[in-house]
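Visitor: So you can see what is in the structure, the chains are spelled out below.
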Amino acid sequence: MAKTIKNIKVLIVEDDKDICEMYAITFMRKGFIVYTAPDGRQAIKKFQNKIPDIVLLDIMMPNVDGYQVLKEIRKNVNKYTPVIMLTNLDANDFTREAQYDDIDEYLIKSHNSPSEIVEKTIEVLKLNKLIVDSVDK
Amino acid sequence: MHIPRTSKRKVHIAPKKKLSIKLGKTGSLKELSSSNTVPADWYKNMVEHMKNGVWVADNKLRIVYVNPSICKLLGYTQEEMIGMHEFDLWGPKTIETVKKIISTDRKSGISSSYEGGIINKSGERIAILSHGTPLPGGGTVVIVTDIREIRKKDEALTKSEKRFKNFANFLPQAVFETDVKGKFLFVNKEAYRMFGYSEKDLSKDFNTLNMITKQDKLRSAKNFFTLIRKKKPVYAEYLVQKKDGTTFPASVHINPILKDNKVIGVRGILIDITEVKRAKESTLKLRSATEQSMDGVAMADLNGKIEFINPAWAKMHGYKIKDLLGKNLRIFHTKEQIRDEVTAFNKIVCKKGGNRGEIGHVKKDGTEFPTYMTTTLIRNDKSRPIGLVGTARDISKQKEAERIIEKRVREFNVLYRVHLHTKMVNHISKVLTDISRAVVYSLKFTDIAQACIIFDGKTYMSSKNNHKFKYKVEEPIIINGKKRGVLQVGYTETPPKEQKGFFWQAERKLIETIAKVVGRHILSREVYERYQKIVQKSITGIFILDDGIIKEANSRFGKIFKCKVQNVIGQNISEFIKGYESHVELFNTEDTTCSCLTNGVRKDGKTIDVDVVSQRINFHGKKGVLGRVHDITKLKAAEKRLHSFNEELKEMVAEKTRHLELANKRLQSLNELKDEFIAISSHELRSPLTSIRGYLSFLVEEESLKSIPDSAQQYLMRAYNNAESLNYLVNNILDVSRLDTGRFELQIVKYDLIQLVQNVIDGLSFQISEKNLNLEVRNLTKSPKLPIKIDTIRFTQVLRNLLDNAIKFSKRGKSIVVEIDITSNFAKIKVIDEGIGIPKSQIENVFDKFIQVKSSETRFRGGAGLGLFISKRIIELHGGIMKAESEMGKGTTFTIQLPIK
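Residue numbers (numbering that gives the first Met the number 0), protein chains in the order written: chain B, 0 to 136; chain D, 0 to 900.
It is worth saying that the hints were derived from the structure and are not from the lab. Treat the hints with care, since some could be wrong.
Claimed, not checked - Listed next, the stretches of chain B that the computed footprint assigns to chain D, with coverage defined by at least 3 CB atoms under 8 Å from CB atoms of chain D:
id, stretch
1, 8-18
2, 32-42
3, 74-80
4, 83-93
Beta carbons are placed, not taken as given, at the ideal position from N, Cα and C, and that holds for glycine.
For reference, chain D alone in the conformation it holds in the complex (with noise of 0.2 Å):
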């Protein structure tokens, strides 16, 4: 890009180098002076002849010397100038630049270039390039080229910048140059409006690749360095951003601007293509569109000739698209359908600038199919019609549907109309009737059509007059699983011939559907039958209530209210039951079964009580209440008998309790007698023999005994035995009474037992050794004490009576053992003789009352056989037990245990 140049220019030059090639000549001039081998007059030959003007001026600036160079520019005589003062020649801009180089560089001793102007003897001003170079001595060598026709030169082509910048400012396009840093060294008006920017925003750095958006920025920049790097012009497409961020498609083509075979900048332009994108999108959107489409798509000229036609079309033509452009669309109709519909149809075109509707078509290979077409005319800018444009659809499927639907809306309306025959209500032989009539529809000839029922031997026709069939389809009825019927359907003609026989499918399968309706219609209503007359035959009274009213009420219903079933119906419940309302609202809330008894008023006028048992059903979607009842009149009645019964028996029941009463009464007094008899009678039975026993003992004593005779010795000794026995005998008794009535106490104390053992067993050594017996004690419990809870005197005689037994029942010399044993909760106390054994079938019975083992050994010996049923008893009063076990011959062991605690 071009910088408008100032006309005056000022030019430092760079001080060492490019000074040293300036003065290169002063320089050698020098050398050569020095060196004298160059002749003084041809430096003067050489500043005289040369093409630039020379001055050199003292260092008062007054001229000292010129070469005719100067002189011819300015118009001067060397005369005339020398002499004169540096400043009469400059113009008056440029002698303040060289002022300002005196001050500064002559001073420092450096030359300096500079663009001037300068006056010459007619005043004109000439343009100049002078250079000044201060000389060792003082003064200063003016050199002065003119420079006029480089000026000249320079601004023409200024003129021609400008001239480009207003046409570029006028283009319709973005136009720019850059550095090769990308840096805008120009940027026209366009450019400006269509990025926004104002020169402002740009003049500061601002590089091209901020307005190119960051997904091309890549690309650009390569571009950008291809260009410089090959020097050829680069076309690409950016997304490029404008100032307030927006983005738009642009198109740009830069060029290298090139300067001695150098890349120095870049030339570009840049134009928005928004507008061309958009349109080729929609351009390829609509194109795919129509060849996607599944309808047939084609344009034709006025003549018909095809110019355009879409893959759809023809395929659905058995075309190939190549085969159709520049075809006519003749080729797509019949001559008959021309003639008959596709005349008719484009002159509605033509007329109304468009058509739709039906048309027939034929396909490549001749088959006729039915299309729905849609026409328009398409017109120029001026609305005059250069062209057809028409789509068209394949609707021989759609037809054939239609066909289809229209079967099955028949079919559907047979099998409605059945099912509206369906009616519990009516009479059976209505429905089956009816339906026979409806079953007729289902056959497409229905003039010469007829149906017929026959179920459980009757017949049911669709007619009155009955013909016979020609052709018909037979159905069984079949109801659970038992055939009970025939549907029959035929013709009683023959009808025009179908392509399959006379019945189609469809119809074989409807009077199928038909004969499986009508054997569930007759089931259901069998069920339904059953139900009801188990319902009207309930001995209870059923009722279904709908907010309270009567909605449905059972035979039985009427007969305990005593009134006919239709005359319940709508009336309300309240009439009937008392307080149901009540009831009801009291389970309103429950979901459960909920029962009450009540009083029911009959219709002539009788109260009776009623058990109503209540339920919520679901009556046709509304909320229901299912009621079953009772007439307990009879029962409520027998239950008033029972009760009155009931109260006479309890009465009676109270009496006989008292007469019991005071029969315990009696007896409690009687008891108490007995006890007292008891009491008295031990203690009246036991004086006598107390006084008996007394002085026989004082008789039996040894020393008494010698003054007695032998004889009387002996009858003395079997008086005191007996006494004995009584004694023993007597005290028995009365112990059994004791224990039989209750009285028996005991009178517990702690004790060792031990001691208790050995105690009884020191009372019986007379008749241990009278027979010699071995009598051994084992105590095994592993210590010398055993201390136990007992009453001593009632164990003592347990004791005593077991081994008195063992004494009784052993025989001379035999052993007894008498062993002691604890265990955890029981002291045990075995007594184990060698004796005469007890039968095991008796072994049981010993501890019963007066038992006496039976044997010839054992009828001597005496007693009443209460000692061990005394014993048993006494030992259980202590919680004990008491058991035996023997073998016959061998010996009897008897086992006592007693708690410890």
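The following block holds chain B by itself, in its conformation from the complex (with noise of 0.2 Å):
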């Protein structure tokens, strides 16, 4: 089931808002079709709600963390969704609470431009099949 681009449901979960809102733009731009969330809360329920096709998940939020909606996420055990760890915290910090295993790309949003996490996000869909990479071109 090979999707365009424009097909893509991404789910950017992020408490900054103007973060947030530069990452949206940058994937909408590109074409995907793009889900917010400020917190984990919020983004358990649009991620139930939504179905999202990829997830960017941050750690640090109120009310419910990254790691918990992570969890959340992989409990679903009919579909698997990616998702990327799209955060300012250190991979060593990550680990203490979390397993690479779970993630599909870990990227810290300080060394990575939007343009860069946009390109990632794709390198991540192609590798689990969600999109074909001649759509890409």
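Reconstruct the complex from the two isolated chains, following the hints.
Guide: Here's what the structure looks like:
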């Protein structure tokens, strides 16, 4: 069920409004369908309602943090949804709470520009065979 | 040897040859008769005149013819005899013989001879030898010869033989006869006795050789055959053998028995010469013993005329044997000697039959010498004295030796006395005075002798009155090669003059020896005193035990136990040292030094701590113990104080440790807080930066830039670049903080290194092309892939940092090379640039924190100088090495080595 970018639903979970908007704009410019969530609780809700193809997940958020969201996402055994951790926490801090095996990519926000984030996301999608190479071009 | 003959001898004549000879006459008779050349009367005459008696009998043994001789022999007339039966003539015994002959020989026509008896007319028996010849037509011619005369001779012979035998049997020697083969024909009784054989033994095939021992057998056989060949008597001595195997020497004299000039046997005499030999040998021995004797031996008659003298005697007196025989014994003594000694000596000899003692002798040249004489009277069977025998021994050397020994004994006596005085317990002045008194006896004339020892400036005299020496011998007393004194011995008056000076060589030697002894004694006395001092002054208590009893102890021992040393000796050690016996038993079996810490009891009742070291020693041949005692009471007290101090210290340390632990806990929590702080601060720092960079990135995209005025574009770019720098700086500071706290963790995954390098280079393509640099990747691994375990993000950071630097410090158009190589253990990545380089003075510091090479060219390049520090630490966390090499103005090479495994 390969899709083109246009059909891909991205859920961006980010508590910083500015950053969230920034990524949303970037993804939308590329043609993704973008859903955003300002905290973990809403993220879980949106994940259940909208059924995104991929989730970009921050860790440090009010109410429910990224780890819990990841756990919730991974509870669904029927469908595997790729998750990219998009955070400013170092990987060391992450591995204290969660496992690399549960996620598809770990990106540090300040290391990558928004367009780079999109590129990496597309790579993950390709790896999960959610989009076809040729469609990208 | 004669075998006794039987009176009736029957001789069988060998049939053919002898018969033909005997029949020669008849044979020729026949021939004559047949030839008819001889008249018949010739035979008749011959027969009629024959001396032998002849008769002819017909086959019925009736006599048909007799000749006159037979008639005369028998006393018959011819007429009377004719018609008689032959058996009427034969003696009764002979008839038996004749009958036999008739039945055998005559039947077969053989003539036969036999001895027998014939009866004459008056009935007397006449011994005859008859010869009967059967006639061809039957009948017999018998020729009879009177052998009475021969018989008589025979008997005489037999008689003489018997006499000889008897004679032989009574001889004390063995007498024998043998045939030529050595077989015994006759042996006398003595021979049987001598050899232990019986007649039976010899009757067998017994040979004379059996009686001779092996070693003489061949010789005897030779002699025997010589005798037979040369027909001469042989005399020899053999060792012969009895029947029981014992042997004895014998002299054997054998003569040949001749018959018709031919040897038919041997006659011999054998004499046992055992006694003779023995006597001979003992005589020889005695003679040689006498001649070999070291002592002079002489024999003389009662008048003193010398009959025998041995070489020793002659030599002793300087004569030759031949000069002495027949001389008188007096020549061996001087007149004085005879008067003073010899006469008295000889009187006792006459009285008691012998005497011994010292007697002076004189030599031929007149020198006198002492001898030890033994003289004995020789008596004959009737115990009448017939002579004198004397032995003399020259004892002049013995006398001389005795004199020397006497002198030696005196010397030894002096030496012994000197040694006797060398006693450590005595004071040196007493010792030296005693010695000087003893030395006096070393001189011959003791009465006027005086001795003196001068030692260390002091004089020790033998006598209280100090006389002056007239003659003296002086010997230095040398101790350890140093002359410390002198020993003087001499005479205060002139002594009677000896042959060689006043002092003998031996005396000088003795005095020298005494000086040496004195020297040695003083040396050992000094050594002893030194050691005594060491022992007595020692700060260690020393004692020697014999079976638990103190035999020796030094003054320190007394001091330790607060008592006098005299009171210590003889006491049991256990009164001083507690539990010492068990300690000694412990090392009784071991032969080593043994030490123990125990308590001692002082005589004032106080208990002290002692350290005892014990050792097994040989104490006057017995097993003893040498012990050393230290009073360690004070030491123990100090130790106790130290111990308590130690305890206090331990408590203090424990308290401090508790404090430290608390502080540590606080620190730990603080650290945790710090971690949290870093995590949060990194997040909080990064969030606004992310926003700034993100939005700025929107603006710097080409499409957005176009809508912005040029001046604003410039501002925007600067803001963007500075945001980038800030981001970089923040990340680096966070990394350094993590590295410093050791919280920097790697996320190791397996990845292709070549791909990783390529990815980094791809990300830098913009900057490279912007500066128009020539970047080359050289893969020297000969393989398109190089899998390695690595933290990809961090390695990317390192390589990016290096390449950023390379780009930053390279001028336009220069080239940068990234070289990938592999060794057996490491993957090697080199980044080579042709940049400005690093000065040698600073190359060692490039990896330090906050370091940036300071020079006018680099000042404007920016950065906090953390990149290389972080890079090096990342590589090291991988277990790798990072190095930098550079040449100013030519470029820099950074080398990274990463372990493959």
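Visitor: Please go over all the hints and tell whether each is borne out by the structure.
Guide: The hints, checked one at a time:
For a cut-off of 8 Å, the count of residues in the stretch 8-18 of chain B with a CB near a CB of chain D stands at 3, and the three-residue condition holds. Proximity of the stretch 32-42 of chain B to chain D, defined as three or more residues with a beta carbon under 8 Å from a beta carbon of that chain, is not established by the 0 residues found. Chain D is given as covering the stretch 74-80 of chain B, and this is violated because 0 residues of the stretch bring a CB closer than 8 Å to a CB of that chain, at least three being needed. Beta-carbon proximity to chain D at under 8 Å applies to 7 residues in the stretch 83-93 of chain B; the threshold of 3 is reached and the given coverage holds.
In this structure, the earlier hints numbered 2 and 3 are contradicted, and the remaining ones agree with it.
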